[in-house]
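A.B. asks: Chains as they are written, first to last, in full-length UniProt numbering: chain A, 1 to 91; chain B, 1 to 91; chain C, 1 to 91; chain D, 1 to 91; chain E, 1 to 91; chain F, 1 to 91; chain G, 1 to 91; chain H, 1 to 91; chain I, 1 to 91; chain J, 1 to 91.
Check each hint, because a few of them may be wrong.
[As the list claims (entries may be wrong)] In silico BS3-like links for lysine-lysine, alpha-carbon gap of 27 Å or less:
| no. | chain 1 | residue 1 | chain 2 | residue 2 |
| --- | --- | --- | --- | --- |
| 1 | G | K28 | G | K39 |
| 2 | D | K28 | D | K39 |
| 3 | F | K39 | E | K39 |
| 4 | G | K39 | I | K24 |
| 5 | E | K39 | E | K24 |
| 6 | D | K39 | C | K39 |
| 7 | B | K39 | A | K39 |
| 8 | J | K24 | H | K39 |
Keep in mind the hints are simulated off the structure, nothing from the lab.
There are 10 protein chains.
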Amino acid sequence: MLFMVEMAVNIPHDMPAEVAADIKAREKQYSQDLQRAGKWPHIWRVVGQYRNVSIFDVQDNEELHNLLSGLPLFPYMDIQVTALCRHPSAI
Amino acid sequence: MLFMVEMAVNIPHDMPAEVAADIKAREKQYSQDLQRAGKWPHIWRVVGQYRNVSIFDVQDNEELHNLLSGLPLFPYMDIQVTALCRHPSAI
Amino acid sequence: MLFMVEMAVNIPHDMPAEVAADIKAREKQYSQDLQRAGKWPHIWRVVGQYRNVSIFDVQDNEELHNLLSGLPLFPYMDIQVTALCRHPSAI
Amino acid sequence: MLFMVEMAVNIPHDMPAEVAADIKAREKQYSQDLQRAGKWPHIWRVVGQYRNVSIFDVQDNEELHNLLSGLPLFPYMDIQVTALCRHPSAI
Amino acid sequence: MLFMVEMAVNIPHDMPAEVAADIKAREKQYSQDLQRAGKWPHIWRVVGQYRNVSIFDVQDNEELHNLLSGLPLFPYMDIQVTALCRHPSAI
Amino acid sequence: MLFMVEMAVNIPHDMPAEVAADIKAREKQYSQDLQRAGKWPHIWRVVGQYRNVSIFDVQDNEELHNLLSGLPLFPYMDIQVTALCRHPSAI
Amino acid sequence: MLFMVEMAVNIPHDMPAEVAADIKAREKQYSQDLQRAGKWPHIWRVVGQYRNVSIFDVQDNEELHNLLSGLPLFPYMDIQVTALCRHPSAI
Amino acid sequence: MLFMVEMAVNIPHDMPAEVAADIKAREKQYSQDLQRAGKWPHIWRVVGQYRNVSIFDVQDNEELHNLLSGLPLFPYMDIQVTALCRHPSAI
Amino acid sequence: MLFMVEMAVNIPHDMPAEVAADIKAREKQYSQDLQRAGKWPHIWRVVGQYRNVSIFDVQDNEELHNLLSGLPLFPYMDIQVTALCRHPSAI
Amino acid sequence: MLFMVEMAVNIPHDMPAEVAADIKAREKQYSQDLQRAGKWPHIWRVVGQYRNVSIFDVQDNEELHNLLSGLPLFPYMDIQVTALCRHPSAI
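Could you put together the complete structure from these sequences and hints?
C.D. replies: Structure below.
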């Protein structure tokens, strides 16, 4: 079951650089684990912004929320979720 | 080069049913031709709306505009384009 | 799997009264069939508006889109879908 | 008398973790007491957000405001209230 | 129980003048009956707009919706409802 | 001359509790003095929010601005002013 | 007493040209009469739009509403009113 | 003196095709005359939309309004004007 | 050449009172100098807000930007600029 | 390939003046290098705002994102990107 997830990151300017670096490193690892597991099949950077557009493939809403709320950057993100389904013109 | 394209369709209520059916049939054909050509790699229906989220893969802005403005439903669409690029965490 | 669905109805002022009455009658029947089937467990009227707040309980996004796009009033509705899940404080 | 209440939580990033944990624990207790009392019949998590959609069942506006303004997280919430009533198609 | 109700009127330009005049006359009568009954204690015109700000005093949400949906101008109105209660500083 | 005034209060989270309490006490006194003087005939709490809807009755714009800018909470408020007049349907 | 009034004009495309010309001629006359009477001391065109920014000088809200609702173009305008007063830095 | 002008075109769906074609032909001629005269140094199509971003170089606000309000498509455009000046980092 | 300039002031709550007082005093002097020079012919306070509506009369965009960016309160202001010109109905 | 890029700068008020000056100096150098390289053919200041409108000429989305995310002021900017292409009326 597919969802488009748009994530905008807003790290406070007063966060110490090493704390930010650590969170980002854990975020990257977390994201790549989910990509390899097939849960996060697409992630694109929005040009000019600290923001991404992603596609998640999950069993249900519950799983999606668990995955998203577990993101190391979750407390610093503004996240929008859009439920998707098959388009009748898709080949 | 990837772009997210969001298309919302607003067909006037007074369009004759056979005109609408014809436009939609041509739209479907047009879309599937581009999908097969690899220009339109993803198209998803947004749940509960006459709207889609699509990913286009084009040579440049010019080609994207030509493809979009050629959509049979183009005069009845509200289209938003977002330039995408590779995400540093993408595997 | 639960979704909040907000539906605002905009029937064109020039729709003949008997056409509107027929669509509304079919909408009511359609809605009540889904309520009885357990797919549409809640529907509330928003006070002062031709709008409702509903909760749908479906197998997946696909089923939700099929149910919503089959609404007799669908062409005249502005629909917003919000994916829900269990709240950690829910008893 | 039913109301939809949407609560978005914005805890300041500089709140000490133990203070936040204490407020959240009291919030959970407060919410569950009201759920058991039948005042707060539904609470759902919005997927991907620190936000909930709730249904309250109260005697009047006064009672609703008292319940909401007494939430331990109230100073950190953005709350929207929508008055609901019976839908004519509800079974 | 008090509610602020904001009503903006949008009568279609192609409505025949005598139809509009009849609806407005019935609207005025309807409003004045409710004012005399104490259900609609305040109605003010917003300066420069075909819009009013009103205060309703009703038993519950159900009664408010019935009163508002019965307005002769209801199909041509955009209505916003805000639940009010006693302010702690009110004398 | 009547105005609707909507005031939303945003007290910074880091304001010391005793400072906030003092400002609020002065605000209450200030408001009640104006209510007794007939300048502020209505003040209602918006349910679920630290916000009020008020009606002011003043000689002119100048007086209204002086009253509002003198509010002890003025530096922490977001204020919207709407000019009102007699509605032709008011009894 | 001064007010800023912003007027955006939206004449329906299907209004016959001679009807539109007549309304605009009456609008111009009406506006110039009020300018000469000192009630409408400033009117400026917003560059690139069928919109103006005006300053009105009136006795009270009632008079302003009467002047605005009497505009021949009133049914085709979107009007915003902002109450003004003397600025403490004005010379 | 430079201005950014954003023009979105909304031609009514019921305009006869030959009328639309005539307006567009005159629009193109009008635009190219101004480009050749140096008044309209840049015009770009926004990808995926019937919209352009333009730069105008004019003597003053008056001239800009005259040029824009003379556009054959002006009655069908939504136009936004932004005043520009030299950037301190421009070479 | 005329422009409407709307300035909203947002002074940080933690700015020391004497710093704020100094900036405001310089702002007042700066504004009055420009008023006397005929560059800033109108400044009005928006009722109930720390905001003004002003009219500037300048040679060109460059001069307007220089005047505005030189405002002592500029770093704390949200400024909107609207290009104006003569209205065809102005007397 | 052309893009319009709108950059609004929001430097925190508590950033030390010398830090801000250093970032701005590096920003200016960075911008001028790209202008000289033909990558950033236009940059204009928006009158009255700490904001610019720019045109970038790049090979692809990837290059644009790299250029923008490398801006010394990037962490303090709100950036909007609009894909452009040749307008059919451009000479």
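A.B. asks: The structure should be examined with respect to each hint, and the outcome stated for every one.
C.D. replies: Results of checking the hints against the structure:
1. K28/G to K39/G: Holds. K28/G to K39/G sits at ~15 Å (cutoff 27 Å).
2. K28/D to K39/D: The hint holds at about 15 Å.
3. K39/F to K39/E: With a Cα-Cα distance of about 25 Å, the restraint between K39/F and K39/E holds, given a limit of 27 Å.
4. K39/G to K24/I: At roughly 33 Å apart (the allowed maximum being 27 Å), K24/I and K39/G break the hint.
5. K39/E to K24/E: The hint holds at about 20 Å.
6. K39/D to K39/C: holds, 25 Å
7. K39/B to K39/A: With Cα atoms ~25 Å apart, K39/B and K39/A stay inside 27 Å; holds.
8. K24/J to K39/H: violated, 33 Å
Hints 4, 8 from the list above are not met by this structure, while the remaining hints are.
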